Amino acid sequence: MRDALGQRGEAIFTVLMTEFHGPYGPIFRPQFLGDKWPCVDFVIELVVEAGSMTPYFFVQVKTTRQGYRHKDRRLKVQVPKPHVCALARYPAPTYIIGIDEAQEQGYVVSANGEHLTSMSSLATDFPLNRPTREVLWSEVSRFWSAYPHSALTSAFVDPNWR
Amino acid sequence: MLGAATKSQPWYLRQRAESLAIMYLTRRQDLIVARHESDSDAGLDLLVTIGRDGGSSGRIFGVTVKAAVSSHNPHRNGGHTEIESTNGASSYHQDIPFPVLLFFFTMKDDQGYFRWIKEPVPDRKAGASLLMATSSALMPLTDAAIESIVVEVDAWYDRQAQSETTAG
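Protein chains in written order, with my numbering: chain B, 24 to 185; chain W, 19 to 186.
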């Protein structure tokens, strides 16, 4: 059973990511993957028009009660090097989310291989507010738009699909 | 009539409302919150344990979580907001032997409200008892309100313990 701080951070993250963008509701659909998944905490789908390809990305959520470093206001969360590297190996977009549990605020940074060392603190340049969420949505959408939807030729085709 | 979230409503209503409820409750480090899977829309969504001495205790209360996109017709009545709910207390709640609350959230402004479904009522003569709530009035869900809820539930369990000691 995940610890209370982690549970709180996941709840805060879900609230932040499902804030409404206009009258149609949230633009992200997060799904918690459970404690057993080694490095990824959530898979998040982009909310798109029905019938469109559904882009998605992964995040690891790190929650802290320790607040920020005084000198540069970086959030005091840590991610060990093996986890950073594991996140970067996913072919889908991956991000690390830092949650300040006291302020109920979150921050996003890319984990797509730009850095492959451990993380001892997290930049607060990209708070999980509306403008950041819109940039994130566009970034993930652009990534998947480069993938041809029918790239896979599967060996497991049902010839008598009903 | 403003509807409350059911399993057939937009996916984000239930998920977001439960996350909001957990976020509100876990502002207190003495509350341990567990999701409760229920087949019924009128069932419990969360089981909350009041911590004691840094650990768990047997003192629990239940929360049923409902939500709507917005509250179109709140009736303000002396500071209370009356929002009709399609699912009030049910026979399911009648069988529950501990206090139960309804948390209601409006998604467009993330406002939270609450009311008792099964309210602890200390009865000096007959021992602690629980009453099924008859009023649909909702009150703002604030940190102070959650403090009051915890105090009420704790006091009810104290009376339960006293009653058992007296009877024994």
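FYI, nobody ran anything at the bench for these hints, they're computed from the structure. Given the structure is predicted, the values throughout are model-derived calculations rather than measurements. Treat the hints loosely; a few may be bogus.
As the list claims (entries may be wrong) - No more than 20 Å apart at the CA atoms, straight line, and that leaves these computed lysine to aspartate or glutamate pairs for EDC-like:
#: 1; chain 1: B; residue 1: LYS104; chain 2: B; residue 2: GLU127
#: 2; chain 1: B; residue 1: LYS99; chain 2: B; residue 2: GLU157
#: 3; chain 1: W; residue 1: LYS126; chain 2: B; residue 2: ASP95
#: 4; chain 1: W; residue 1: LYS126; chain 2: B; residue 2: GLU42
#: 5; chain 1: B; residue 1: LYS99; chain 2: B; residue 2: ASP148
#: 6; chain 1: B; residue 1: LYS59; chain 2: B; residue 2: ASP26
#: 7; chain 1: W; residue 1: LYS126; chain 2: B; residue 2: GLU137
Let me make sure I understand: some of the numbered hints might not hold for this structure. Which ones are they, in numerical order? The structure conflicts with hints 1, 2, 3 and 7, although it agrees with all the remaining ones.
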